[in-house]
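**Q** Sequence:
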Amino acid sequence: MRSLLTVVCWLVPGLALAASAFAAPPCSQSALGVARILEIDTAGGPVFGSVTRLDKEASFLKRNEVVLTFDDGPMPGVTRPILDVLDRFCVKATFFPVGRMALAHPDLVKEVAARGHTLGSHTWSHPKLRELPVELAGEEVERGFAAVALAAGRPIAPFFRFPGLGDSELLLPFLQLRAIATFTVDVISNDSFIADPEQLAQTALAAIEARHGGIVLFHDIKPQTATALPIVLATLKERGYRIVHLRAKTNYEPPSDVTASLRRLLATEGTSGRPAAALDGLGDDGGSQAPLARGRHEKRPEAAEPSRPNWAATVLRRLNPPDVR
11 MRSLLTVVCW LVPGLALAAS AFAAPPCSQS ALGVARILEI DTAGGPVFGS VTRLDKEASF
71 LKRNEVVLTF DDGPMPGVTR PILDVLDRFC VKATFFPVGR MALAHPDLVK EVAARGHTLG
131 SHTWSHPKLR ELPVELAGEE VERGFAAVAL AAGRPIAPFF RFPGLGDSEL LLPFLQLRAI
191 ATFTVDVISN DSFIADPEQL AQTALAAIEA RHGGIVLFHD IKPQTATALP IVLATLKERG
251 YRIVHLRAKT NYEPPSDVTA SLRRLLATEG TSGRPAAALD GLGDDGGSQA PLARGRHEKR
311 PEAAEPSRPN WAATVLRRLN PPDVR
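Residue numbers (our numbering): 11 to 335.
Treat the hints as calculated values from the structure; they're not laboratory data.
Being a predicted model, the structure only gives us computed values, none of them experimental.
Don't take each hint at face value.
In silico DSS-like links for lysine-lysine, alpha-carbon gap of 25 Å or less [to be verified]:
1. Lys259 with Lys66
2. Lys120 with Lys259
3. Lys259 with Lys72
4. Lys120 with Lys247
Each pair of labels, with its calculated beta carbon distance range [unchecked claim]:
5. Asn261 with Asp117: 18 to 24 Å
6. Gly163 with Phe203: 31 to 37 Å
7. Ala216 with Arg274: 43 to 49 Å
8. Thr245 with Thr278: 43 to 49 Å
9. Pro86 with Glu219: 30 to 36 Å
10. Phe203 with Thr278: 35 to 41 Å
11. Pro91 with Arg164: 44 to 50 Å
12. Glu263 with Lys72: 30 to 36 Å
13. Ala270 with Lys72: 42 to 48 Å
14. Gln212 with Leu187: 41 to 47 Å
15. Glu208 with Arg46: 28 to 34 Å
16. Thr245 with Leu187: 40 to 46 Å
17. Thr278 with Ala53: 35 to 41 Å
Built from N, CA and C at the ideal position, the CB exists for glycine as well.
Let the hints inform the model, and build the full structure from the sequences given.
**A** In structure tokens form, the structure reads like this:
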């Protein structure tokens, strides 16, 4: 455990967070808005959120404060409507895209960043990392970050979320060495399992109320989430909740060989959407027991994988814990 250094910036409605071609109209005084921005120091690989088996930091949130997070995207037809809703309420969120999805839809990743949201990563292909050899799990993490950064065309935050919220003690030393902060959650919306938007909104709100706020998990691959989100945000405004936006003190720095291998993949496959076809396992971050799609780690005949870089073995040898091989 360590003390968390945060830099707090108070915002007023109407203050632009990011200038871009996607800039939303100025926020009104009645908008939900962003109450404050927290700058997170990721040195040492801290863990945030209550749903974890790992040692975690004390919560950086005050009572009735909420951090909005979205996993597994981007997804055409879902991510952009969610961005539109966030703009309408003048709030910002943290997105944890899957690397394959990011390279399949780089335009959406760029739009997430251009609208002022924070980008982290959610691995390359959304496996259950506990079930992988530690070196392969490390490669999944690093390749996922590199893919999101490549798709975004800009540096991203060293913010990570385990697929399925399945944290791994064996992988934690690697994350700590790479100064990657792990974000689990406090509130699970259950949008992976509730198809009705009204029921989803009420379930999410009840969970937020029970904890008086927290880091909230949604998925931007679920159409019902885009429909339920206005209900959730409007109700949070009515009930006096405040939105907190997270930013990183430093950016993630991808190994050059990983980025190079992904550039070759992107040049081979283009942005045809082929990687997005592998949706098995996505959206199970509520802790479902969906079987691990082991085939995601095998070379597919219709799409060449990047060659496995040797960075993981090098980094993990530096850690030298007894159960890292």
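**Q** Output the indices of the hints that this structure fails to meet, ascending.
**A** Of the numbered hints, 4 and 11 do not hold.
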